[in-house]
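Undergrad: From just these sequences and the hints, can you work out the full model?
Chain order of the listed sequences is Y and U.
Quick note on my numbering: the first sequence kicks off at 5 and runs consecutively.
Quick note on my numbering: the second sequence kicks off at 5 and runs consecutively.
Note that these hints are calculated values from the structure, not bench results.
There could be a bad hint or two in this list.
Identical chains share a label here; the pair holds if one copy fits it or two copies do between them.
What the hints assert, rightly or not - Distance condition first, Cα-Cα at most 27 Å in a straight line; then the derived BS3-like pairs of lysine-lysine:
hint : residue 1 : residue 2
1    : Lys128    : Lys32
2    : Lys282    : Lys211
3    : Lys126    : Lys289
4    : Lys357    : Lys203
5    : Lys12     : Lys245
6    : Lys56     : Lys365
7    : Lys163    : Lys32
8    : Lys282    : Lys63
9    : Lys31     : Lys333
10   : Lys257    : Lys203
11   : Lys390    : Lys361
12   : Lys289    : Lys56
Protein chains: 2
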Amino acid sequence: MFEIISLKNGLENVDGFFFDGVNSGFKKEGNDLGFIRSDEPFNISAVFTTNKFAAAPIKHFKKYPPNFKSNFILLNSKNANAMTGEQGVADIDELFSSLATKIKLVNPIMSSTGVIGYRLNKEKIIAGFDKFNFACRNSNAVATAIMTTDSFKKELAFKVELEDGKSFNIAAICKGAGMINPALATMLCYILTDAKIPKDDADELLKEAVEQSFNTVSVDGDTSTNDTVMLLSSQKAAYEKTAFKTALDMITKQFALMLVRDGEGSSKVVCFEVSGAKTQAQAKKAAKALSNSPLVKTAIFGEDPNWGRIASTIGASGVECFEESLVIKYDDVLVYDKFNPELDKEREEKAHKIMQKDSFKISCDLGMGSAKFSAYGCDLSYEYVKINADYRS
Amino acid sequence: MFEIISLKNGLENVDGFFFDGVNSGFKKEGNDLGFIRSDEPFNISAVFTTNKFAAAPIKHFKKYPPNFKSNFILLNSKNANAMTGEQGVADIDELFSSLATKIKLVNPIMSSTGVIGYRLNKEKIIAGFDKFNFACRNSNAVATAIMTTDSFKKELAFKVELEDGKSFNIAAICKGAGMINPALATMLCYILTDAKIPKDDADELLKEAVEQSFNTVSVDGDTSTNDTVMLLSSQKAAYEKTAFKTALDMITKQFALMLVRDGEGSSKVVCFEVSGAKTQAQAKKAAKALSNSPLVKTAIFGEDPNWGRIASTIGASGVECFEESLVIKYDDVLVYDKFNPELDKEREEKAHKIMQKDSFKISCDLGMGSAKFSAYGCDLSYEYVKINADYRS
Numbered sequence: 005m006f007e008i009i010s011l012k013n014g015l016e017n018v019d020g021f022f023f024d025g026v027n028s029g030f031k032k033e034g035n036d037l038g039f040i041r042s043d044e045p046f047n048i049s050a051v052f053t054t055n056k057f058a059a060a061p062i063k064h065f066k067k068y069p070p071n072f073k074s075n076f077i078l079l080n081s082k083n084a085n086a087m088t089g090e091q092g093v094a095d096i097d098e099l100f101s102s103l104a105t106k107i108k109l110v111n112p113i114m115s116s117t118g119v120i121g122y123r124l125n126k127e128k129i130i131a132g133f134d135k136f137n138f139a140c141r142n143s144n145a146v147a148t149a150i151m152t153t154d155s156f157k158k159e160l161a162f163k164v165e166l167e168d169g170k171s172f173n174i175a176a177i178c179k180g181a182g183m184i185n186p187a188l189a190t191m192l193c194y195i196l197t198d199a200k201i202p203k204d205d206a207d208e209l210l211k212e213a214v215e216q217s218f219n220t221v222s223v224d225g226d227t228s229t230n231d232t233v234m235l236l237s238s239q240k241a242a243y244e245k246t247a248f249k250t251a252l253d254m255i256t257k258q259f260a261l262m263l264v265r266d267g268e269g270s271s272k273v274v275c276f277e278v279s280g281a282k283t284q285a286q287a288k289k290a291a292k293a294l295s296n297s298p299l300v301k302t303a304i305f306g307e308d309p310n311w312g313r314i315a316s317t318i319g320a321s322g323v324e325c326f327e328e329s330l331v332i333k334y335d336d337v338l339v340y341d342k343f344n345p346e347l348d349k350e351r352e353e354k355a356h357k358i359m360q361k362d363s364f365k366i367s368c369d370l371g372m373g374s375a376k377f378s379a380y381g382c383d384l385s386y387e388y389v390k391i392n393a394d395y396r397s
Numbered sequence: 005m006f007e008i009i010s011l012k013n014g015l016e017n018v019d020g021f022f023f024d025g026v027n028s029g030f031k032k033e034g035n036d037l038g039f040i041r042s043d044e045p046f047n048i049s050a051v052f053t054t055n056k057f058a059a060a061p062i063k064h065f066k067k068y069p070p071n072f073k074s075n076f077i078l079l080n081s082k083n084a085n086a087m088t089g090e091q092g093v094a095d096i097d098e099l100f101s102s103l104a105t106k107i108k109l110v111n112p113i114m115s116s117t118g119v120i121g122y123r124l125n126k127e128k129i130i131a132g133f134d135k136f137n138f139a140c141r142n143s144n145a146v147a148t149a150i151m152t153t154d155s156f157k158k159e160l161a162f163k164v165e166l167e168d169g170k171s172f173n174i175a176a177i178c179k180g181a182g183m184i185n186p187a188l189a190t191m192l193c194y195i196l197t198d199a200k201i202p203k204d205d206a207d208e209l210l211k212e213a214v215e216q217s218f219n220t221v222s223v224d225g226d227t228s229t230n231d232t233v234m235l236l237s238s239q240k241a242a243y244e245k246t247a248f249k250t251a252l253d254m255i256t257k258q259f260a261l262m263l264v265r266d267g268e269g270s271s272k273v274v275c276f277e278v279s280g281a282k283t284q285a286q287a288k289k290a291a292k293a294l295s296n297s298p299l300v301k302t303a304i305f306g307e308d309p310n311w312g313r314i315a316s317t318i319g320a321s322g323v324e325c326f327e328e329s330l331v332i333k334y335d336d337v338l339v340y341d342k343f344n345p346e347l348d349k350e351r352e353e354k355a356h357k358i359m360q361k362d363s364f365k366i367s368c369d370l371g372m373g374s375a376k377f378s379a380y381g382c383d384l385s386y387e388y389v390k391i392n393a394d395y396r397s
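TA: Here's what the structure looks like:
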């Protein structure tokens, strides 16, 4: 048995790491450059975007040998350093050459988020290095440095108390907002722990956690070039696999929901639960189709219980299904089954009420088998169009 | 050799058919019920939606034996008669029982478009029958009867003059607007001809024409339950396969572009041309991904030459590609290749100017092979959100 206790603040709760964020002139106000580092190199497990045009920082990371340890992650927003070719990777090495005159670096890593297609402004970034306080432990400073169109900062921290009286801490920061997608939600996420977690466990548990959290959410179905989730461990505290898995899943699931909640222009979080599918893959396909359909998303924005769009999207998704076995509910209100094909005024009014809530569930039982998948999505609003039509200006 | 001459008006140009449209009280104003009929039964080739929840009229059609002839198509808007089960099909039979008291019917067909999930109001429709003039040849009346959120009526007509002095005519009506999709653009389209086209040719040429026209366009990536394209031939005039194919392709391609032009809230038509792909399937996958990406569509709405979203969408689409071999152009303006990774002010300004046009081309050469596909799409505007958030009210 173990106990998980929620902690205040963020990364400060994990000993052995230092972090800071500064303004280096890319954002008009607020931090845009940050770091996470430790004196002793930390273990790293990472999951990256499936986008074929992975950004330069990801290519740079992949040049290191398997199971390498690092002592420094450099983070920036406003420029993704994507589609910048070999020069984009060389730019990172140049930055680290400069940074190495200030602090000892072991296999340093960079992560970037922002606009695609521009080289980094190295001069500005190097000037920013002068503002870094390498002894700083300010989680807020680094969490805000990676924000782009995020409307709120995303930090979580837990203490996990094990049966034997020992414990470990786990804390994380995350950014999201746009390009939230089917393959890995567009985002950066850094999870720090002092737990003595073996590398194999870290790789396995991180992969599982991402699949059950970030990979279930969608804001717009677009997969970014920069998605990155990293788990860093200082190996200084206790460890127990089940307890660690539980805490890690809690963090990634909470962040995943925060990403949808903070999806560009999003005003509602909707869980699309598809059950009764023949296979898990089909359940996922149908659930993701629902969370990505513009017609479903606009109906949610309009709070219109137009379940026909739900049915049509499932029918178009390519999964095995029959009109006769389909059942659709909004929370606990039945809106369609073969015995109640038409939505009467009373149920329509109830479903409309449910849609006025901040978050609710649309569940579809295909009646074909026993596989199930829940995807999380949001509405498509005027604000989404506004944010994305004006993004670079 | 043959010559194709554009004709004024619509279906009136094809002898042997009658058509009318009336208001039966579903729309506040304008026609909502119509028919296309002939005295002698006509040949029919049809292509339907790939949506698994095909609407009742499509199920009703499929009950007839292969190669059946019909003499009557009943058309209505405002109600899709989809997700209405066996009753939805039975309703169609009931309508035809009533209609048969007014005019002789041979294997009558129905097509519907509108909201999903409600039974047809048979009383109103039957009352509407009284307004039909079965001797009428008013193409405008029937073309407007199938319109839903369409902002303009879609009619085309051509005379095809063959070498031997003989000729045939071909004319068509079409409706589109929302749920325009990857598998078969959401739409109804009726193509009438007096050509003596063999049934096998008609089936083959219609399938090819749809694949190269409607299946290349997308407004929102949603596949409707009611998509229907029909080719009706009275067999009274001349026929020559190449000439017919040319005219048929012209009609379907022009309609496909009209659907995008009239896409809900659309202000621009964009051709997404993907070339240099390893296979045709990959070219199509990448081109369709571009035409369906919310981030690409909002950038087009904002007239922002943010080619990074184009690259990111291709990278996420799952096709084989490398950053080093990719070339992106907006019309003839190069915005990205490995030698020009960064968009300078001059080219950015040129690309921005191109995006201010009503229609333009975004071409992506993957540099991996020789396969090519062009998909047509539109921007994602406030108006799209408005139309679809308010659709049923």
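Undergrad: Now look at each hint and say whether the structure bears it out.
TA: Hints, one by one, checked against the model:
1. For a Cα distance limit of 27 Å, the shortest separation of Lys128 from Lys32 inside one copy, 13 Å, qualifies, whereas the shortest one across copies, 62 Å, does not.
2. Taking identical chains as interchangeable, the C-alpha atoms of Lys282 and Lys211 lie at most 27 Å apart only when both belong to the same chain, with a minimum of 24 Å there against 31 Å between chains.
3. In the homo-oligomer, the alpha carbons of Lys126 and Lys289 never lie at most 27 Å apart, since the shortest distance is 42 Å inside one protomer and 37 Å across protomers.
4. Taking CA atoms no more than 27 Å apart as the test, Lys357 paired with Lys203 passes in neither setting, with 48 Å inside one copy and 53 Å between copies.
5. For a Cα distance limit of 27 Å, the shortest separation of Lys12 from Lys245 inside one copy, 24 Å, qualifies, whereas the shortest one across copies, 76 Å, does not.
6. Taking the shortest alpha-carbon separations for Lys56 and Lys365, only the inter-copy value of 23 Å comes in at or below 27 Å, while the best intra-copy value is 33 Å.
7. For a Cα distance limit of 27 Å, the shortest separation of Lys163 from Lys32 qualifies neither inside one copy, at 36 Å, nor across copies, at 63 Å.
8. For the identical chains of this complex, Lys282 and Lys63 are inter-copy neighbours only, at 24 Å across copies versus 38 Å inside a copy, given an alpha-carbon limit of 27 Å.
9. For the homomeric pair Lys31 and Lys333, neither the shortest alpha-carbon distance inside one copy (44 Å) nor that between copies (30 Å) is at most 27 Å.
10. Proximity of Lys257 and Lys203 under a CA criterion of 27 Å is satisfied intra-copy only: 22 Å inside one chain copy versus 57 Å between copies.
11. For a Cα distance limit of 27 Å, the shortest separation of Lys390 from Lys361 qualifies both inside one copy, at 23 Å, and across copies, at 20 Å.
12. Within a single copy, Lys289 and Lys56 get their C-alpha atoms as close as 21 Å, and across copies as close as 14 Å, so both meet the 27 Å cut-off.
Hint check: violations occur at hints 3, 4, 7 and 9; the rest are consistent with the structure.
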